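Fit chain L to the given chain R structure using the hints.
What follows is the residue order along each chain.
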Amino acid sequence: MAISRRNFIKATAAATALSMAGLPGKVLADEQVSYGRAQCRFCGTGCAVLAGVRRGKVVSIRGDADSPVNFGRLCQKGYSLPHIMYGQDRLTSPMVRQADGSYKKVGWDEALDLIAGKFAALIKTHGPDSVAWYGSGQNTTQEAFAANKLFKGIIGTANLEGNPRLCMASAVGGYLNTFGADEPAGSYDDFEMADCFFIIGSNTAEAHPILFRRVVNRKTAYPDEVKVIVVDPRSNATARFADLHLKINAGYDTHLLNAIAHVLVEEDLVDHEHLKHCVLRKGLKNKGAFVDFAAYKAFLADYAPDKVAGDIGVRAADIRTAARWFGRKGKAAMSLWCMGVNQRTFGVHMNCQLNNMHLLTGKINKPGSDSLSLTGQPNACGGTREQGGLTHLLPGHRAVANPKHRAEIAEIWGVPVERLPTKPTGPTMNLFHRLGTGEVKAMWINTTNPGQSLPNASVHREAMKKAFTVVSDVYPTRTTELASVILPSAMWVEREGIMGQTDRRSQFTPKLVEPVEGARTDFWQIAEISKRIAKKLGRKTDYRVIDPMSGKVKKTRSVHGLGFETEEEAWNEYRLATRHQDVDLWGATYEKLKAHAGGVQWPCPDTSFDNRGTAKRYVSRAYAGKVIGSAKRNYKTGYVTLYDQHLEEKGLAGPINYYGGHPFHKGAESKAIIRVLDAGLDYEMPDAEYPFVLNTGRVTEHWHTGTMTMRVRLLREIAPAAYVEVCPADARALNLASGDELKLVSRRGEIVLPVWVTDRAAPGMVFVPWFDENKMINLLTVDDPKSWSGAAEPDYKVCAVRLEKV
Amino acid sequence: MPIASAVIVPVENENREMVAERLRRLSDVEVSGVGAKGVAIVLEGESIDEMKKLSRRIADWDEVLEFQLAYLNWEDLEDD
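Order-wise, the sequence lines are chains R and L. Be aware that the first sequence starts at 0, since it is given in numbering that gives the first Met the number 0, and climbs by one per residue. Be aware that the second sequence starts at 0, since it is given in numbering that gives the first Met the number 0, and climbs by one per residue.
Do not take every clue at face value.
[Unchecked claim] Rough simulated footprint, nothing fancy, chain R against chain L, three-plus residues with beta-carbon under 8 Å:
| no. | region |
| --- | --- |
| 1 | 4–11 |
| 2 | 25–34 |
| 3 | 41–52 |
[Unchecked claim] Just a sample of chain L residues kept apart from chain R, beta carbon distances all over 10 Å, derived:
| no. | residue |
| --- | --- |
| 4 | ASN14 |
| 5 | GLU16 |
| 6 | MET17 |
| 7 | GLU20 |
| 8 | ARG21 |
| 9 | ARG56 |
| 10 | ILE57 |
| 11 | ASP59 |
| 12 | TRP60 |
| 13 | ASP61 |
| 14 | GLU62 |
Calculated directly from the structure, the hints in this document are not laboratory data. Note that this is a predicted model, so its numbers are computed, not measured. For glycine and all other residues, C-beta sits at the position ideal for the given N, C-alpha and C.
Chain R on its own, in the form it takes in the complex (with noise of 0.2 Å):
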């Protein structure tokens, strides 16, 4: 019997909730929609969706049961993928602005002559740094590295910088001032085996929703004995669901890190067989002095509860609840973090702190215990982290400073090595900086929206506008506003390409659509460039073919180009740049890519098709076995290791080994670094007269700067616009109702938003969140070279503001 249309989607649909009921549904065989496993476009927790495609456009989204991510489940954001692609105003012409400040649309030959010869110019007359290059967290890892390779081996400039710098810097720092090496130790796996979850700086619940729904069920399946602890000076969806909320005052983290620790050392939570594997050393990077723990102890005694407790703003008692709780011998313990640790003054500070809670415990290298930063963006960790795209990186964990790092990726980029830049130039804001100054002429802006990100953003709005810009996006933004140059990019599954997320996992995306008709890919937008501005400057590549299991390299020809035409070329060369190397993912062969829901979690240095990485980084195969009980988890396709695959393959000892091997870890080879530090203030606490703390963040609705959630209209209509939450008590004072027009005052900028009353707030605190590129709070927020993090990220979470009723 002949079935409807409408009745086999329902078909479809029901058997989709059956299974994720946990009843038995058959998805009918659909010849009407083909469906490709593709990543999320949104946050860098990694959903793997269905995508449904009828007629060459995406019509259907279901989560893909068979992602260990998220096992079938999607948030609100994923089940809207279709309608980022389909906005009304997509760009799809490239478009050159005139003299009277309008723009014409151009045809792409004319766009990229003009692009290759006005930065071939610049370099020639100006130098290398004279340009530069500004991407994303967004950007597939392919794109990425094309781009590295043009601007440091092609043009040879380090002036590259990621919007990740704003993001995850914090996180790496943490990373390499405890290990040595970037990335967290575990994976998602361990959610399901935490007995305590510290989260601390994330609105998980609507930033991660899936995520935070693994939190959930953990603790729905063991209420008694799993305990969920919140830190945030906001009440919200994440801390209304914690067994214990600690609401700091805006600032403190550093303080109650220390206080946690102290009650960790004082009442004897300390694991002291896995302390063997640490050393405890003052400060940051390598300029403090080893010390013993009897020290550690003395430096912690100013931290007792009792002594800070006032300061933070929560009593002394919750203080060792939280530490007992996380503490708890023999049980496991997670932690969780994301912008409101990264985005402070003290944001390495605190993740070193989040770090030495897990090393003080031995809460690390077990099941459900690892301290774990949540990753903002789909590529943050794939394009930026690993492959090297800031402007100290190369690919595969490697220095611009460092001479033999150079030589090995000029040779694997088949470029003289002379070419690379010998030293980085400087950091995201530092480079918005030069370029205000004419220092840098020519910047391209892809995949990004720094004319509503970045803080301070009039400032670098005008230098923006000011220079040779060139912005590649997929809709209209105020930073395409801004731009000399507009390219059209394709979007998602419009384009193939792989991205690496917060667990060391890498998924491949396929193509499943033409771009809309006038965009172009990014990596082929890098492409043309490439070959345009090298032929401008006489610069050869050598283009090689990369055998992608042996890895034997032939080199064909010699062009004016990247030196690879595809993304699965560029792939390759890729992997070969992580080979050997700790973020080894020369295992991670397209073919596995393609096959695997889920991916492949580096290190990854075998080829084998069911081999797909590694979940339980610096511990051995026997440590494995003993310790958590198995040396690998299968999956329905492939297996990861409970062992660490680079250490096995290096022949590193064990059982633990934290063989990071960054600078900042000298001196400390194969342990962790516990870090002594001292608490502290972010850079603008209020005062008597800007006396509010405003802190900024997301809604669960939108993502980043709105560009593509507010063209759905479901989200839209949920969240149009941009409000300040006051508390209760602050509004009463300033006589404000729900509804009322507020006037926000920094020493930056000033904006006016309408009142949204309620107990979210903390006193002396508002919140806006910062998706409305009508109303931007960054305006506001602080840029000032003080306020960066130890890795060069700006405070977005606290600057100080005056409000005014309208």
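Showing chain L alone in chain R's frame:
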């Protein structure tokens, strides 16, 4: 006309049947099954707006912990 499916997770697991019964009384909802992880339903709406209202209404029920969307299809069904 959009078609979606979802899993409705009750606050108390023992209330699954009661939640399912209440769902069955809604005109644009079909209950597909009651499983260990919740009640599987299929929703149809004249528009996304209608579907949004309906899903919010269900999510707001006191006995519902979570409205978990499982599938969403917007394709034009003019051939029906």
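Cross-check of the supplied hints:
no. : hint  : in the structure
1   : 4–11  : holds (count 3)
2   : 25–34 : holds (count 5)
3   : 41–52 : holds (count 5)
4   : ASN14 : holds (14 Å)
5   : GLU16 : holds (13 Å)
6   : MET17 : holds (16 Å)
7   : GLU20 : holds (16 Å)
8   : ARG21 : holds (16 Å)
9   : ARG56 : holds (14 Å)
10  : ILE57 : holds (13 Å)
11  : ASP59 : holds (14 Å)
12  : TRP60 : holds (17 Å)
13  : ASP61 : holds (16 Å)
14  : GLU62 : holds (15 Å)
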